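*Asks:* One letter stands for each residue in the lines below.
There are 2 protein chains.
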Amino acid sequence: MSLFKHLLRNPTAKSYSYSSPSIIMPSNLILTCLSHFTTDASPSTVQLTQYSGLGPTKANEKPRVVVLGSGWAGCRLMKGIDTSLYDVVCVSPRNHMVFTPLLASTCVGTLEFRSVAEPIARIQPAISREPGSYFFLSHCAGIDTDNHVGFDGSSLVIGVICGSVMILDRNAGSVHCETVTDELRTLEPWKFKISYDKLVIALGAEASTFGIHGVKENAIFLREVHHAQEIRRKLLLNLMMSDVPGISEEEKSRLLHCVVVGGGPTGVEFSGELSDFIMRDVRQRYSHVKDYIHVTLIEALCYKAVVKGEKNFINAKVLSFSQSGVRLVRGIVKDVDSQKLILNDGTEVPYGLLVWSTGVGPSTLVKSLDLPKSPGGRIGIDEWLRVPSVQDVFAVGDCSGYLESTGKTVLPALAQVAERQGKYLFSLLNRIGKAGGGRANSAKDMELGDPFVYRHLGSMATIGRYKALVDLRQNKPLDCVTSLWCGYLKETKRVENGSELANGLRGRFVRLN
Amino acid sequence: MSLFKHLLRNPTAKSYSYSSPSIIMPSNLILTCLSHFTTDASPSTVQLTQYSGLGPTKANEKPRVVVLGSGWAGCRLMKGIDTSLYDVVCVSPRNHMVFTPLLASTCVGTLEFRSVAEPIARIQPAISREPGSYFFLSHCAGIDTDNHVGFDGSSLVIGVICGSVMILDRNAGSVHCETVTDELRTLEPWKFKISYDKLVIALGAEASTFGIHGVKENAIFLREVHHAQEIRRKLLLNLMMSDVPGISEEEKSRLLHCVVVGGGPTGVEFSGELSDFIMRDVRQRYSHVKDYIHVTLIEALCYKAVVKGEKNFINAKVLSFSQSGVRLVRGIVKDVDSQKLILNDGTEVPYGLLVWSTGVGPSTLVKSLDLPKSPGGRIGIDEWLRVPSVQDVFAVGDCSGYLESTGKTVLPALAQVAERQGKYLFSLLNRIGKAGGGRANSAKDMELGDPFVYRHLGSMATIGRYKALVDLRQNKPLDCVTSLWCGYLKETKRVENGSELANGLRGRFVRLN
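Listed in order, the protein sequences are those of chains A and B.
Residues 3 to 515 (my numbering) are what the first sequence spells out, left to right.
Residues 3 to 515 (my numbering) are what the second sequence spells out, left to right.
In short, the hints are calculated from the structure, not lab data.
All values derive from a computational prediction rather than experimental measurement.
Among the hints, erroneous ones may be present.
Identical copies go unnamed one by one, so any copy, or any two together, can satisfy a pair.
Think about it this way: if two alpha-carbon atoms lie no more than 25 Å apart in a straight line, the pair counts; the simulated SDA-like pairs of lysine to any residue are [to be verified]:
1) Lys193 x Arg235
2) Lys436 x Pro103
3) Lys193 x Gly333
4) Lys292 x Glu190
5) Lys81 x Arg287
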């Protein structure tokens, strides 16, 4: 069983084999010969692919877990997976995990970008050391589950290449990838495919724009480090531009008007950070323009707030934000252009910086996947986080949701859900691996044990100046201490209607996972 | 004497006045009326300008020192200038100073970018606090020295605007600026001008490309933080790309071939850092491709090395670099394309990362200024760092050089020259200010004291792995200790021919300024 790589971009280049460099042949030869293959076992399993890549694992190799994505779910899984049982291959356009709850703090310099990003190679060192484990800086372009055939003799593909009888790979499900070249002129995207024994889809979600015109072009989201960098850069640039002689009062106010759309945790925390930044840094370092800078948080009636009792939560926000200098406006955004946005009632809101954080929805790739979906269009999973229609495929995090048939409601797109799903799944996979079910299709009839159960531990949003809003209704008593959040929490506000308020949280912390 | 702002971009906007907001008029009115001005004092001094801006300082204001640039010279000057005597206005496309000797270390993550950049507002806090002091994120587009007229009654301009007799500004030399908007779509460049009482030109220099085709398009320089960021990004991207299945051996070697052109201190230090990075981080974190990565330093025969006895210095480099895994190639680059460069002898050198550090030359702006030049095309100065052809204009740092008439040789473009010129000049300006000569044209006949004398204190280049090359020929004995360089210096190499070698430098440091 050899590993075939089909080189399209450079047909004269030598075929490059990762695990078994012994069989090397010009790629054009492979492409020509393969079309004449026949096999007694499964004639339809031999396909011409456009890609080179990592072929199905061989008997002397460890089974391969392919993880798509490097967010909370994917990284927690990779961190815990037993690399003596599996080879791990991660495919993601981002070579680090972002500690999203602290991302807002990096926009104004409270934290450095480096502090909220952890390289994948540090989360799972095997990825850069083990010969069969890799990280690929790539987009996933598609998933091929049709050819996922078990590891038994019957499915071995035997073929004749140019007169020589060879035992070829058995076929396996695979992931089609395209490298991210970050628009570097010297590099073109490169296509390849990776066969999996187990596939974990942890592709996350995309920021929702509700189809509102101009959002993608003009607003900045707050989901990645580069978003935070762009926000910081634009904020500073606007501060400096507004100080230039000759700029009109009106333009000055526009440049220094920071508008945040969406009153969820991200929007709330970013507004709080901005408010802090204005109260301290701007007053000191940009004293010429300190009276012109304002923050407005726009929240539509139809948006759900951070917790279920949103009405009261929002009231608490109004109370806190009016003290912090953040204006809270109720409204639905109708249209966005490069210098102003228009609300449903026709109000025009000129802005210099627009941050959009109205929650997330399924990504284009997730929508395009030919897999059963949960209500809301996420990848449908059962209680064991499996995609039940296909073998050996799991989905975790924001991209996944319980199938209607499970009778469970789809879990919210939160870090604590994703993180605990990742944790559950690595235990499950390790257990399967130890029981000898690591190979493709070899865990069909295995007992999987307890299903995944999610217990919400509460929600918290910092609103700047050592204040936070906490909802502990579904939570256990506070019993953990960490230093991460301590600095922020000096005092919290009482939220009525069952949304319990933790007073004197300083030095304590809400255990999120 | 009022402050006129001429608004071009938005004629309906209110005129914005910084120091005296009492007189506000529509800009189109000013533009129309000014063309009818006559003045008994100096008819030619009234000009129509395209710009709004900061007008000449008034009697109740402090004199204004305008500093162009925020490099070693400009920042040292701003740091030391007495802000009780002067208002300081800095115009620069960069809102921070870069500690250039450590920039190479940021490319590979030894240091964080933040560690080598210091905001101007921290170097001179008055810039963000004093009402008459500013930092403008702008390019200097031109300097108008013709209208620099003294602060006496005779040069007051009296005019009639729309029937009202008004006392207008006396004219002063001014700087024409254009804001840097960093390609943000929502901001367009804005033009304005700033009148000066004293002008300090510290515009620095540009990287030399010797007119070689393709350098600007394909090579990365190493002079700014964003250059270092680009190098780091490209280096990591190439490391990841080379690990993708299907990439040919040839392409892999190309992607991981880092070529540095220029064997001056920057090139030497960057090569050393790269070598360190390969020896440590790449081996650990990119072990799949660790044998493919190489560094080549190309040095042309015609380039001057870091010190005068360059032949021996280069020999020392050869010795040290062969131990560090850096290949040293003698050659002249003829042409550069996106994936390879061609040497004079026709050799093709494929590369994945190309860093260009062949020294600096006068910038386009400096070349365009209508001021006498020194040999080499820099702004000509006398021994007191003045531009002698005009009043109240000084030039320091890489953009300036002694006029031939002074009989002195042009000083090298080094941080230690620029820094000490800045230091000398703030003392001179403070002395002038204290003696009442701060206003435009009021220090004509003042005794300036001792001229600037430069004493070279030695040169040093780290070459990675706790090694450095040091030339102390024109230096005093080592007598200072600092922590900055200590970590690097464990051992240095002996350089013959008078280039004394400091053995056992660990814990000591070469005083650069």
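*Asks:* Indicate, hint by hint, whether the structure satisfies it.
*Replies:* The hints, checked one at a time:
1. Lys193 x Arg235: between (34 Å within a copy, 21 Å between copies)
2. Lys436 x Pro103: neither (35 Å within a copy, 54 Å between copies)
3. Lys193 x Gly333: neither (45 Å within a copy, 37 Å between copies)
4. Lys292 x Glu190: between (46 Å within a copy, 22 Å between copies)
5. Lys81 x Arg287: between (42 Å within a copy, 16 Å between copies)
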